[in-house]
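With chain R fixed as given, assemble chain S onto it according to the hints.
Protein chains: 2
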Amino acid sequence: MLEKNFEVEEVLELIEQKKFNDLKKYLERINGADFPTIFEEINDEDAIIVFRLLDKEKGAEVFAELDSDLQERLINSFTDVELKSVVDELFMDDTVDVIEEMPSNVVKRILRAVSDNDRKIINEMLNYPEDSAGSIMTTEFVDLKEDMTVAQAFEKIKKIGLKKETVYNCYVLDKNRKLVGVIDLKDLLVSERDELVKNLIDTDIVAVKTIDDREEVAKAFDKYGYVAMPVVDKEERLVGIVTVDDAIDVIVEEASEDFEKMAAITPTEEGYFKTSVFQHAKNRILWLLVLMLSSIVTGTIITNYEEAFAALPVLVAFIPMLMDTGGNCGSQSSTLIIRGLATDEIKLKDFFKALWKEIRVALIVGVILAIANGIRICIQYKNFKLALVVGLTLIGVVTISKVLGCMLPMLAKKLKLDPAIMAAPLITTVVDTCSVLLFFNIAVAILHI
Amino acid sequence: MLEKNFEVEEVLELIEQKKFNDLKKYLERINGADFPTIFEEINDEDAIIVFRLLDKEKGAEVFAELDSDLQERLINSFTDVELKSVVDELFMDDTVDVIEEMPSNVVKRILRAVSDNDRKIINEMLNYPEDSAGSIMTTEFVDLKEDMTVAQAFEKIKKIGLKKETVYNCYVLDKNRKLVGVIDLKDLLVSERDELVKNLIDTDIVAVKTIDDREEVAKAFDKYGYVAMPVVDKEERLVGIVTVDDAIDVIVEEASEDFEKMAAITPTEEGYFKTSVFQHAKNRILWLLVLMLSSIVTGTIITNYEEAFAALPVLVAFIPMLMDTGGNCGSQSSTLIIRGLATDEIKLKDFFKALWKEIRVALIVGVILAIANGIRICIQYKNFKLALVVGLTLIGVVTISKVLGCMLPMLAKKLKLDPAIMAAPLITTVVDTCSVLLFFNIAVAILHI
Numbered sequence: 000m001l002e003k004n005f006e007v008e009e010v011l012e013l014i015e016q017k018k019f020n021d022l023k024k025y026l027e028r029i030n031g032a033d034f035p036t037i038f039e040e041i042n043d044e045d046a047i048i049v050f051r052l053l054d055k056e057k058g059a060e061v062f063a064e065l066d067s068d069l070q071e072r073l074i075n076s077f078t079d080v081e082l083k084s085v086v087d088e089l090f091m092d093d094t095v096d097v098i099e100e101m102p103s104n105v106v107k108r109i110l111r112a113v114s115d116n117d118r119k120i121i122n123e124m125l126n127y128p129e130d131s132a133g134s135i136m137t138t139e140f141v142d143l144k145e146d147m148t149v150a151q152a153f154e155k156i157k158k159i160g161l162k163k164e165t166v167y168n169c170y171v172l173d174k175n176r177k178l179v180g181v182i183d184l185k186d187l188l189v190s191e192r193d194e195l196v197k198n199l200i201d202t203d204i205v206a207v208k209t210i211d212d213r214e215e216v217a218k219a220f221d222k223y224g225y226v227a228m229p230v231v232d233k234e235e236r237l238v239g240i241v242t243v244d245d246a247i248d249v250i251v252e253e254a255s256e257d258f259e260k261m262a263a264i265t266p267t268e269e270g271y272f273k274t275s276v277f278q279h280a281k282n283r284i285l286w287l288l289v290l291m292l293s294s295i296v297t298g299t300i301i302t303n304y305e306e307a308f309a310a311l312p313v314l315v316a317f318i319p320m321l322m323d324t325g326g327n328c329g330s331q332s333s334t335l336i337i338r339g340l341a342t343d344e345i346k347l348k349d350f351f352k353a354l355w356k357e358i359r360v361a362l363i364v365g366v367i368l369a370i371a372n373g374i375r376i377c378i379q380y381k382n383f384k385l386a387l388v389v390g391l392t393l394i395g396v397v398t399i400s401k402v403l404g405c406m407l408p409m410l411a412k413k414l415k416l417d418p419a420i421m422a423a424p425l426i427t428t429v430v431d432t433c434s435v436l437l438f439f440n441i442a443v444a445i446l447h448i
Numbered sequence: 000m001l002e003k004n005f006e007v008e009e010v011l012e013l014i015e016q017k018k019f020n021d022l023k024k025y026l027e028r029i030n031g032a033d034f035p036t037i038f039e040e041i042n043d044e045d046a047i048i049v050f051r052l053l054d055k056e057k058g059a060e061v062f063a064e065l066d067s068d069l070q071e072r073l074i075n076s077f078t079d080v081e082l083k084s085v086v087d088e089l090f091m092d093d094t095v096d097v098i099e100e101m102p103s104n105v106v107k108r109i110l111r112a113v114s115d116n117d118r119k120i121i122n123e124m125l126n127y128p129e130d131s132a133g134s135i136m137t138t139e140f141v142d143l144k145e146d147m148t149v150a151q152a153f154e155k156i157k158k159i160g161l162k163k164e165t166v167y168n169c170y171v172l173d174k175n176r177k178l179v180g181v182i183d184l185k186d187l188l189v190s191e192r193d194e195l196v197k198n199l200i201d202t203d204i205v206a207v208k209t210i211d212d213r214e215e216v217a218k219a220f221d222k223y224g225y226v227a228m229p230v231v232d233k234e235e236r237l238v239g240i241v242t243v244d245d246a247i248d249v250i251v252e253e254a255s256e257d258f259e260k261m262a263a264i265t266p267t268e269e270g271y272f273k274t275s276v277f278q279h280a281k282n283r284i285l286w287l288l289v290l291m292l293s294s295i296v297t298g299t300i301i302t303n304y305e306e307a308f309a310a311l312p313v314l315v316a317f318i319p320m321l322m323d324t325g326g327n328c329g330s331q332s333s334t335l336i337i338r339g340l341a342t343d344e345i346k347l348k349d350f351f352k353a354l355w356k357e358i359r360v361a362l363i364v365g366v367i368l369a370i371a372n373g374i375r376i377c378i379q380y381k382n383f384k385l386a387l388v389v390g391l392t393l394i395g396v397v398t399i400s401k402v403l404g405c406m407l408p409m410l411a412k413k414l415k416l417d418p419a420i421m422a423a424p425l426i427t428t429v430v431d432t433c434s435v436l437l438f439f440n441i442a443v444a445i446l447h448i
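Listed in order, the protein sequences are those of chains R and S. Residues in the first sequence are numbered consecutively from 0, following numbering that gives the first Met the number 0. Residues in the second sequence are numbered consecutively from 0, following numbering that gives the first Met the number 0.
No lab work stands behind these hints: they were computed from the structure. Some hints here could point you the wrong way.
Derived, one-sided and incomplete: chain S residues facing chain R with beta-carbon distance under 7 Å [what the hints assert, rightly or not]:
| # | residue |
| --- | --- |
| 1 | N30 |
| 2 | E81 |
| 3 | L82 |
| 4 | V276 |
| 5 | I284 |
| 6 | N327 |
Computed list of lysine-lysine pairs in DSBU-like fashion (alpha-carbon distance at most 30 Å, straight line) [said to hold, decoys possible]:
| # | chain 1 | residue 1 | chain 2 | residue 2 |
| --- | --- | --- | --- | --- |
| 7 | R | K208 | S | K24 |
| 8 | S | K18 | R | K197 |
| 9 | S | K415 | R | K273 |
One-sided and incomplete, this derived list gives chain S residues near chain R with beta-carbon spacing under 8 Å [said to hold, decoys possible]:
| # | residue |
| --- | --- |
| 10 | L53 |
| 11 | Y167 |
| 12 | I264 |
| 13 | P266 |
| 14 | A307 |
| 15 | F308 |
| 16 | I345 |
| 17 | R359 |
| 18 | V364 |
| 19 | I367 |
| 20 | N372 |
Just so you know, even glycine gets a beta-carbon here, dropped at the ideal spot from N, CA and C.
Extracted from the complex, chain R is given alone in its bound form (with noise of 0.2 Å):
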């Protein structure tokens, strides 16, 4: 586990007992991120206390880990004062967030407590379209220019005066502000004062446009490995950055949205319990009532075969075994596909190459199941016919489901559809429908019934 370095009810205790040097000096050793925590279990009159307490920076970060109701309450307790000095510790992008969180009478102050640049940046950034670069970046970023001297571009750092992880990577521009290369701040560091900066710049740079999607940055940050990665507008000039802790905020959202997708949930960016009865019902129903009514064309297909099973009606008992089965099989491969499709591992040129790898786990796959199922009703009902029947429909569903699962995402992502909805649920109604149909077709020609 975690080293955990606080208690919550020292916090308590302090804030009771009206301590509040001593507070000060332990809330200085309890870190951002983990504040939340402790305004769970406080009231809001604590809460601005605790919050006063804290040092202009560390309000800031600790502001931006807050849940947006309390932010709002916050503010509404701060003095404009207040308010502005949080909202100048804030980088831009988090202010950004927290405008697009709140009532409009609480944006108008915020927009009043910042200074007339960075209005205008900010209503920028809130045009960029949900979910893409332009609007998870902070235009808060080092810019170099190629002839100045490691001490110039040292001052320039100094005279920014940027948080962490906006100043590692220093990036080098042209007179007309593109990108020409990054300088690690590690390079500036080990190199003599009057080295110039063009000495230094890695040209190997890789950067993203505005309105990419957010996942692409995501990706890029998976596989390149960056602190930071750059943001481009349409001219190539550069005018954000993304940085990593909110690549990795994308990743893990990014992730938990294709799991609600892929189990037929309307994704939404509220938490679990963020989310009202209702709103969860809303986000569920719509896909249950979809493969609901799918779900009933496969039972009127069984009713076409009434008389099959009249004669036989142990027929039904094996039903829900190939439908199970089945939708096991082609979730196993939809999982599969979908995800190597999200991290990029399998491209869409690989279609056949997918594909023909599906259809050979299928058929071993098939031919185990049958075999173990054939020998169960061989023991169970003596009858070896049955166990023919059953073994050929099993390998059957087993090739269809694999095939189906491994084709429909990668159809739906040609078709720029979200391979996510190509999962488990809807793989399942459709299997059920060839299950039933191969099983009493076969169970007609091998039967006599």
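Relative to the frame of chain R, chain S by itself:
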């Protein structure tokens, strides 16, 4: 899309024309992470040519990105001097990664190429449990003492001469090598050269232990937004750091693993195409057999109600719909709970809170589905009682499946099992049995058959 600043064709052409000077210049523009794409297209002889044109640092960076087969072939083409130069430049954790994948004769050559001290560290790292923080950390970091000045700190950093992300955070240790705090490189940079290190320390630092699971480490990155996480041993001495690029790999791999587990696949670390057909079959067959056996139970239960569906064959038509809907509802709930547990948003103490939420969602969703289906049945079969039977069953099935989907993953976590195994496939099979039992019992009671 990402800005692509090279063409594989161009590389191939320059190799063919033996324009090695131009090639060398061209390669400098290409990011290390893009080299695997190039090596895919060229043969081993050309690969070693390309490799020899890279400078030492870039060569190591590129080498670390290659897949282990190609690494092995390259090592076999290396002279001992070349091997030593690559290994010297590699991060310690990358060297360990390479060693873990190589046959013993190659391992011996690598170990001969490293210094005595490094060999000791490598052997220690090879001994950390798989998937522990110790196994993914690097032992290269900057350690400072409290009574150093900023100028001395810079000297130390230059002397250690580390690369990129290992240098952004400098760790301050006491005389027992216990971790006292962290200093951001930026804070050193903007301070006066005679300032004391102890005045710049951040003490709100969080560390992980060598034996912590790598998943915990990844979660800590998500929470604290560090670019490097310190790793301490049992005596709380700093022994290494995990850098953010490795943490991102872990986050992506752990998500992939959960996707696979939740689709009833035994997870592997190899990629989709790297895994052989037989290995794929092996990874999938176990759960399929288990789930097949349990769905046979459902089938057997159906045969107990032979009289019921002999009297009213249309009953059979509703089985697929009830099974699918139950499965989908259970999978929705279990996915949300499993993901919530994985991201620490849902905790075990929230058991009843989550359960109560799921029950209310189930009732809303169940009633809507029952009404939709009821209308359909009244129109199609003109049989109100049948609509009532199916409707009541649906409400029951949805409730049971959402309750199980919520409870089982949390129960698994409580029992220290991986919640991800309690996903759609297993829940579906359990819910199937409940659906069939509930359906026929309600049918018998209301329809008197």
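Straight-line alpha-carbon gap K208 of chain R to K24 of chain S, limit 30 Å | Given pair K208 of chain R, K24 of chain S holds - Cα atoms ~26 Å apart, limit 30 Å.
Using 8 Å as the Cβ threshold, decide whether I264 of chain S counts as touching chain R.
-> Check passed: Cβ of I264 of chain S comes within 5 Å of chain R, closer than 8 Å.
Should the interface hint for V364 of chain S be scored as holding, given a Cβ-Cβ cut-off of 8 Å against chain R?
-> holds, 5 Å
Hint check, N327 of chain S versus chain R [nearest Cβ-Cβ separation less than 7 Å] = This hint holds: N327 of chain S lies near chain R, its Cβ roughly 5 Å from the closest one there, short of 7 Å.
Given A307 of chain S was flagged as interface, is its beta-carbon under 8 Å from a beta-carbon of chain R?
-> violated, 11 Å
With a cut-off of 8 Å, does the beta carbon of R359 of chain S approach a beta carbon of chain R closely enough for the hint to hold?
-> holds, 5 Å
Does the interface hint hold: is V276 of chain S within less than 7 Å of chain R, judged Cβ to Cβ?
-> holds, 5 Å
Would you settle whether the hint for I345 of chain S is holds or violated, based on the nearest Cβ-Cβ distance to chain R being less than 8 Å?
-> Status holds, d = 6 Å.
Against chain R, with CB atoms and a cut of 7 Å, does the hint on E81 of chain S hold up?
-> At about 22 Å, which exceeds the 7 Å cut-off, the nearest Cβ of chain R leaves the hint on E81 of chain S violated.
L82 of chain S as an interface hint toward chain R, with CB separation required under 7 Å | violated, 24 Å
Going by Cβ atoms only, is F308 of chain S closer than 8 Å to chain R?
-> holds, 7 Å
Quick one, is the L53 of chain S hint okay against chain R at 8 Å, beta carbons?
-> Violated - the Cβ of L53 of chain S stays beyond 8 Å from chain R, reaching only about 11 Å at its closest.
Against the hints set out earlier in the document, violations occur for numbers 2, 3, 10, 13 and 14.
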